[in-house]
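K.L.:
Go ahead and model the full structure; you've got the sequences and the hints to work with.
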Amino acid sequence: MPANLDAPLVAREALPGPYALLTFAHAAVAREARAGQFVMIKAHTAPEPFLRRPFSIMAVDPGRGTFTLFLKGVGPGSRALIDMRVGETAGCLGPLGKPFEAPPPGAEALLVAGGYGVAPFYMFGEELRAQRRPFHLFYGGRTAPDLPLEEILIEGGYPLALSTDDGSRGTPGRVTVPLEAYLGAEGRQAVLYACGPDAMLHAVARVAQARGLAAQVSLDPWMGCGVGTCLGCVVKIQRPSDARPKWRPACTEGPVFDARDVVWS
Amino acid sequence: MPANLDAPLVAREALPGPYALLTFAHAAVAREARAGQFVMIKAHTAPEPFLRRPFSIMAVDPGRGTFTLFLKGVGPGSRALIDMRVGETAGCLGPLGKPFEAPPPGAEALLVAGGYGVAPFYMFGEELRAQRRPFHLFYGGRTAPDLPLEEILIEGGYPLALSTDDGSRGTPGRVTVPLEAYLGAEGRQAVLYACGPDAMLHAVARVAQARGLAAQVSLDPWMGCGVGTCLGCVVKIQRPSDARPKWRPACTEGPVFDARDVVWS
Amino acid sequence: MSGRLAVELAGLRLKNPLLAASGTFGYGVEYERLMDLSTLGGIVSKGLYLEPRDGCDVPRIVETPSGLLNAIGLQGVGVRAYVRDVLPRLERHDTAVVVNVCGDTVEEYAEVTRILEDAPRVDAIEINISCPNVKKGGMAFGGDPKMTHEVVAAVRRVTRRPVVPKLSPNVADIALFARVCEEAGASAVSCVNTLLGMVVDVEQRRPRLAFGTGGLSGPAIRPIAVRMAWQAARAVSVPVIGIGGIMCAEDALEFLIVGCRAVQVGTANFVDPGVYERINAGLLSYLDRHGLAGIGDVVGTLAYPGETK
Amino acid sequence: MSGRLAVELAGLRLKNPLLAASGTFGYGVEYERLMDLSTLGGIVSKGLYLEPRDGCDVPRIVETPSGLLNAIGLQGVGVRAYVRDVLPRLERHDTAVVVNVCGDTVEEYAEVTRILEDAPRVDAIEINISCPNVKKGGMAFGGDPKMTHEVVAAVRRVTRRPVVPKLSPNVADIALFARVCEEAGASAVSCVNTLLGMVVDVEQRRPRLAFGTGGLSGPAIRPIAVRMAWQAARAVSVPVIGIGGIMCAEDALEFLIVGCRAVQVGTANFVDPGVYERINAGLLSYLDRHGLAGIGDVVGTLAYPGETK
Ligand SMILES: Cc1cc2nc3c(=O)[nH]c(=O)nc-3n(C[C@H](O)[C@H](O)[C@H](O)COP(=O)(O)OP(=O)(O)OC[C@H]3O[C@@H](n4cnc5c(N)ncnc54)[C@H](O)[C@@H]3O)c2cc1C
Ligand SMILES: Cc1cc2nc3c(=O)[nH]c(=O)nc-3n(C[C@H](O)[C@H](O)[C@H](O)COP(=O)(O)OP(=O)(O)OC[C@H]3O[C@@H](n4cnc5c(N)ncnc54)[C@H](O)[C@@H]3O)c2cc1C
Ligand SMILES: Cc1cc2nc3c(=O)[nH]c(=O)nc-3n(C[C@H](O)[C@H](O)[C@H](O)COP(=O)(O)O)c2cc1C
Ligand SMILES: Cc1cc2nc3c(=O)[nH]c(=O)nc-3n(C[C@H](O)[C@H](O)[C@H](O)COP(=O)(O)O)c2cc1C
Ligand code: FES
Ligand code: FES
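Protein chains in written order, with the working numbering: chain A, 1 to 265; chain B, 1 to 265; chain C, 1 to 309; chain D, 1 to 309.
Treat the hints with caution; some may be incorrect.
[To be verified] So, partial list: chain B residues that the calculated Cβ filter (under 10 Å) puts toward chain D:
1) Pro-2
2) Leu-51
3) Arg-52
4) Gly-232
5) Trp-247
Read the hints as simulated data drawn from the structure, not as lab findings.
Each residue gets a CB set at the ideal place from its N, CA and C atoms; glycine is no exception.
P.N.:
The structure is reproduced here in structure tokens:
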């Protein structure tokens, strides 16, 4: 069950650029979280912005009772977290949301990450490895500095394909370029998983559709509460059973959705 | 002339308890400030509270272009300043307000400080010393830990009389006890200067009145702007030329007032 | 111990003066797994119409300085699904259940209330005549004394339960509206809903909310809400429930001191679901510190300058 | 370069759309030593009555979440001392001077205006019918359409200068009041003054302000002020001056985009006297980024959902 706790920061690693890895103590998240789930969190050091922010859980350590976030500082909420000192606490509710579901036996998991969207795939890779499922991680950014987790993923032995829009690292072009190359011409048994900017998710959904593959996408709407009550995070979803598209809260019915059900705007 | 600048924190010394010494670069304050003047300052790291706060200038270093504050963390504004890291900036306007005026030749300056009210007297002591004027500093607090500047003042060679309400350090009792003892029975040529809680200022004013001595008190109202326009900091003052008491802004006509003109509430 | 926080409100006994505000706590059941719902004095449901509603397009919410601007547009399941699916699940929780009733017409308000009349678990009806994010009903009714009277009287006629109109702050004279409600048979009034606001995306040169305008809530509006609750409490003898920007015990106390018998916590639910425990603990420690027996001893104790109590 | 920020307002040419709001910039001269006053489009004086006034008891100001609640009570030197002592000192500064005129009665508003009529340095009259912190005049006039009309018409009759009533946000329908002002001969309207609020000291159980209630300003009220400025700008053809919570260029742009010809900066003066330079620089860089020739090209460009311009 998700728990609402004052979570102390227990470790902090600044990465180049606006990025950082933050590790918090939070027994419930450490024990129960699955890849694709997230926390709503806010540094107690900064009164504003006063709402918590959603961040994907990147890793957990159930033994130590901690979990780790991979953050990009983009505004006051994320920056206040990055500026925390070890020992300071954050209000933290989690784990929240629906996780990624492992592929059916025989199918390979292809994880497609754009920017900070790589965070949940670190954990998903660990889960898949534990279940001895084959997977491959496609990690794309605009330029080389936008791939701050590269080293950690290589050290972790993740099967990795890098790409950058400007070609400064890995395959030049969008992350769908190495993905399509990998999928090749013939029908490969795979499930696609995508987390990143909207346009990227949509592109992956199109790749999946064109090839008749299943795809799970993690959407990234603005969230107010994380628990299904503010109805600020709704996304347009039409499930096979729905007569017409419905606004559904991404925090409780997602953030991971079947790509076929998403009504792209 | 006062200047409004982004002042970087250049040095920071935490003192025991909620106290700290902060040194900022600010050429105008460093060059022009006189003891009793203050700055309006706010850490850029914390959006709330959104108004700046007034703090007395404790010391200046015109050569380096810096000034130092002695802060007690009591609320969000002061704590945000204390939490700053070297290199971070604060919005800072100063020097502001009317300074203490040195005593006439032949008279001794008796500086009476309560709590953080000691800050301007560090600087005033330096000024008096430079002018070769005799002075004595009475520094009182509730308990020994409320006298965090003791060591620095002793090292600086300040003629010092300590007191605490609970007797844990120096003379037991209010700061007026050693003051009155020092003044003795016979009429000593002295001007009293006081900075601290209202009740202490009033007590010092009564001592001065009883002995026919001049006294300058630094008032501590809540301040919104520091430059005479919000009219939030007004205090009731009746100068000899005033037919009746008038609300006067403490930021521009004070914070240092002639004790006789203050209409105590 | 916790009996010290109990309050009487329009015939209801609440175990403490804290209710979850409409639209900020779902139907209550969403929080079942997160907290013990019986720590709440009561739960006010999301606004309910006769039929399910889609609500506004996105974005629906934007943060403002110490505030939140929303235009959800009362997305919801409709009153029948609420009675069928939600109310039974609330059976097991020891807390008051207040249903926030909406309508495009006076008749719809009455009809929704009538449907609730047969549901056992409902303790009171809150009449939402103050939602700024719908084209019909809502604020249009709550900004017009005549319509306010009509809606309240219509709902009053079809239920035996306490009827609590929720006032709009987008009026010049909140006391007038409180009095109109009292005259129309209200058992209490909730004070206040959100203030109409707009935030502009200057890069796109269009409102940030898809709906255009929205309702402002959160600490930003608290000084306005406290003033209005104070004016309403002086104007009527039925109880006033204070709402607006309550984040902690001190904030709740402001409303109680100016005369509110209970309060609702809205936006704070999004920030911290632990808010009720924190506030209740804070209220108890306040009572201890001030040597007061019960929270009722705080209500309406404001010493207003120039007035003697 | 800075010609790009110039605006025409009721016959006045302001070199940029930023004015210092009444009561937050003294009489202007207080800031002489701190900044170059000619970086301002204009200065609105502290409110002036016929006679000097003492104002309210202290505390007069209390900070609220992203806001400031004040009850100064229009302490001031009176119009004659202003004309004698202040106006000559403003001669040397190249900025528009607007005088904020107050009165306990309609006659007093007119009388203060008449006294200013002979003063050469005055560019416009702002009529303060919206101060919440006085027992007579102020908001009592600005909350009543008939009185609003009377005051504006009375001032209109005694001056050749532009007359700019300042609207109260404590009304249900700001557009109505803007229209009443236009009909009474206003050259422009200022929109808005402070929202009536209260903060309670829960330890003492009394209001934090000595006066009881006060006026809320600052970023907290900006979404409400932007909405009201937008409604006013749609209602009248005279220019609207937007006011409320402006701290930076983006905030000023919100008001300009919804239709304001100029804006006033209030509480931000207390936070940072460098605010005008920052905003002007931000406006210029916005024009560059958006390929716009002048700030006038921004005014009223809001794309409101469902409307075509
Ligand atoms: C499920 C989920 C998982 C996430 N995981 C991660 C993660 O692992 N690492 C990570 O770095 N980030 C992650 N994010 C993104 C992260 O939540 C945001 O970057 C963060 O909320 C920004 O907050 P801020 O205060 O720093 O910046 P803000 O200033 O609040 O906003 C930054 C951006 O958000 C946009 N924004 C603000 N308000 C709204 C609104 N009402 N509607 C739409 N957009 C708005 C702004 O336009 C701006 O571009 C995740 C988001 C979601 C929904
Ligand atoms: C001229 C001058 C010089 C000063 N010099 C120093 C100094 O050298 N060192 C130092 O540590 N402090 C100094 N102070 C005090 C300092 O300004 C305050 O401690 C600081 O403003 C507190 O701000 P905060 O945000 O930390 O706390 P806040 O939470 O804002 O307030 C702390 C205290 O101020 C009171 N307060 C808040 N608002 C009001 C109001 N509207 N009216 C009355 N009281 C209010 C509160 O009740 C509370 O007790 C000086 C004050 C003045 C006027
Ligand atoms: C996202 C959101 C949705 C709301 N929905 C409703 C609603 O359905 N019915 C209603 O009467 N009030 C609704 N409100 C108003 C709140 O109940 C409350 O009156 C208001 O938010 C002020 O309180 P607060 O500042 O504590 O949030 C809503 C508020 C928010 C923020
Ligand atoms: C301390 C203070 C004093 C004020 N005095 C006046 C006044 O004398 N006349 C007036 O018309 N408005 C007065 N106002 C209102 C401001 O001019 C302005 O309308 C309001 O503060 C909203 O703008 P802001 O949010 O930028 O401060 C005052 C505001 C403050 C904060
Ligand atoms: S974030 Fe509030 S409903 Fe999803
Ligand atoms: S602090 Fe604003 S007038 Fe003194």
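K.L.:
Each hint needs a verdict: does it hold in this structure or not?
P.N.:
Results for each hint:
{"no.": "1", "hint": "Pro-2", "in the structure": "holds (6 Å)"}
{"no.": "2", "hint": "Leu-51", "in the structure": "holds (6 Å)"}
{"no.": "3", "hint": "Arg-52", "in the structure": "holds (6 Å)"}
{"no.": "4", "hint": "Gly-232", "in the structure": "holds (3 Å)"}
{"no.": "5", "hint": "Trp-247", "in the structure": "holds (6 Å)"}
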